[in-house]
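Peer 1: The chain contents come next:
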Amino acid sequence: MKIDCKHVWEYISAYIDGDVDSLLRAEIDRHLEHCEICSAVLDSTRNVVVLLADQRVFEIPAGYGERLHQRLTEFLDAEPT
Amino acid sequence: MNQINSERLGPNEAMATIARIQAGEKELFHSLVRPVERAVFLMLFMLLRNETDAEDAAQETFIKIYRNLHAFRGDAKFSTWVLSIARNEGLALLRKRSRHPEEPLEVQPDEKGGDYTPALLTDWREVPLEALERGQLRECLSRAVLNLPPKYREVVQLRDIDELDVQETAVILGITAGAVKVRLHRARTMLQKELVPVLRSYAPQRRGFWGRRV
Chain A
5 MKIDCKHVWE YISAYIDGDV DSLLRAEIDR HLEHCEICSA VLDSTRNVVV
55 LLADQRVFEI PAGYGERLHQ RLTEFLDAEP T
Chain B
2 MNQINSERLG PNEAMATIAR IQAGEKELFH SLVRPVERAV FLMLFMLLRN
52 ETDAEDAAQE TFIKIYRNLH AFRGDAKFST WVLSIARNEG LALLRKRSRH
102 PEEPLEVQPD EKGGDYTPAL LTDWREVPLE ALERGQLREC LSRAVLNLPP
152 KYREVVQLRD IDELDVQETA VILGITAGAV KVRLHRARTM LQKELVPVLR
202 SYAPQRRGFW GRRV
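Those sequence lines, one after another, are chains A and B.
Here the first sequence stands for residues 5 to 85, where the numbers follow the numbering used here.
Here the second sequence stands for residues 2 to 215, where the numbers follow the numbering used here.
For reference, chain B alone in the conformation it holds in the complex (with noise of 0.2 Å):
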């Protein structure tokens, strides 16, 4: 499970630790923001595709945050705050890279159409985790995820990545619930389509006569 999941403070304990940042215990701001901080440099990334603005605007979005806590309300988990926060951060440093940015993040509505068929097979042997030791493999699904068009990116980030709910990722994002279902569908539908014959070679090879599968 991911950290934000797993030790995320719920809106009230994340206001009772504010109100002792506010009250003169400025040091307990390091552990207020440590479960959002791999979240935060991910929301960053997934939006400027570079380590090093991405780090940087962390830092800054954490410094922001800081000078913003008397703003937080405890309507909404600390965690989305933050992340509000932060996809603010690297959408407003985006339109500084340029005035006509390559990629402006809400040109398409989510009209119906659009191919989203997913890629046919008629057998998947499972890829298992331990995959993942290859380099190769982490990269080609970084990768694939990095080229989404970037309304599908972020909900992949938030949902599949940072495995928020629904509701959670709607706040973000700004859009409805069922507006993050059907983008995270045509999400995955590509991502399938994209990376199923990729894959395919990392699935472990089937052995024997009887063609056990291992």
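Just chain A, same shape as in the assembly (with noise of 0.2 Å):
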């Protein structure tokens, strides 16, 4: 099986995940050695994907637990044990 940049798109992410099995994933391997786009494809989704799992990217409000949880101390006083 040889297989093209727009089969190897459809994977990209799978692929990322470690999702597709070891013959597709030898056959996209195979194909990203001599083709650039489909590299760079794939190396700058990947730069996304590792981008926002980095907790600066959505930042909690500063103080958002102290409040949360000053509300709920005030919730559980009120509530019978």
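One thing to keep in mind: the hints can contain errors.
[Claimed, not checked] Restraint ranges, calculated between C-beta atoms of paired labels, are given here:
(1) 66(A) <-> 28(B): 23 to 29 Å
(2) 71(B) <-> 82(A): 31 to 37 Å
(3) 57(B) <-> 40(A): 48 to 54 Å
[To be verified] Sample of chain A residues at the chain B side, in silico, Cβ under 8 Å:
(4) 51
(5) 61
(6) 62
(7) 69
Hint data in this document are derived by calculation from the structure and do not stem from the laboratory.
Every residue gets a Cβ at the ideal spot worked out from N, C-alpha and C, and that includes glycine.
Two chains, two frames, some hints: make the complex.
Peer 2: So this is what it looks like as structure tokens:
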């Protein structure tokens, strides 16, 4: 089986997640060895995924945890045991 | 690693803690929910797209969770159960906001077709995590996610931001694992397309005569 670029793009996300079987992975790897475009598409997509996982991208408002637990303390104190 | 992954309780530990809370150790509720408080805020922020509304909704969600602790049966992870409740809370608030919501969540089926072609380029210089020190970059990334259609946004949130597995994501969203993968693939492609031109300017510049990458 020989795969083309469009075929590779369909599996980019699964490839990043390690969710392709070994045969397909080998086929994609062979394609990537000589295809600059697909290599760059893979690298850039993986780069986006890595950056998004960083907690700095979506910051929680300062004091969120304190305000939440303060509210919960007030609520729990008022709840019958 | 995100807090939700490193500290979250297995169903049995959660059940044991809940039993103690119900037996009178109410204050244990704080430690029960601490590992999921960030993910609950994010879930509500992704739906409501407003920090103040998301924080208020998060507080209400946790109170609702306390009142419904008896309904947790331990057949899913505690975090899965909590995030499902948070999502329902957020969706209910969205419905309340407008009788004709601008963006109903489940309009398009996962039909074949649509243009999910990535941005094509011939080389990529990696943007390192240190670049996230720049607020402008964080802003670009978060805006790109918030601008995704809702059904793609929530999959990115659970899989790529909260780093939950496919199965847990599927349970929270009430869809199949296959649908999670399809949506995530499309969402990542949309994000790649949108972000590649922006991210390029944050990659380290080539330096030196031989084009050595730094």
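Peer 1: Tell me if residue 62(A) is really an interface residue toward chain B, meaning its C-beta lies closer than 8 Å to one of theirs.
Peer 2: Status holds, d = 6 Å.
Peer 1: Quick one, is the residue 61(A) hint okay against chain B at 8 Å, beta carbons?
Peer 2: holds (5 Å)
Peer 1: State, for the Cβ atoms of residue 71(B) and residue 82(A), whether the hinted interval 31 to 37 Å holds or is violated.
Peer 2: Between residue 71(B) and residue 82(A), where Cβ atoms are some 19 Å apart, the hint is violated.
Peer 1: Is it true that residue 57(B) and residue 40(A) lie within 48 to 54 Å of each other by Cβ?
Peer 2: Because 50 Å falls inside the window, the suggested range holds.
Peer 1: In this structure, is the beta-carbon distance linking residue 66(A) and residue 28(B) contained in 23 to 29 Å?
Peer 2: With a Cβ separation near 24 Å, residue 66(A) and residue 28(B) satisfy 23 to 29 Å, so the hint holds.
Peer 1: Measuring from the C-beta of residue 51(A) to each C-beta in chain B, is the shortest one below 8 Å?
Peer 2: holds (6 Å)
Peer 1: How about residue 69(A): closest beta carbon in chain B under 8 Å, or not?
Peer 2: Hint holds; residue 69(A) Cβ to chain B Cβ min 6 Å, cut 8 Å.
Hint compliance for this structure: hint 2 is the single one not met.
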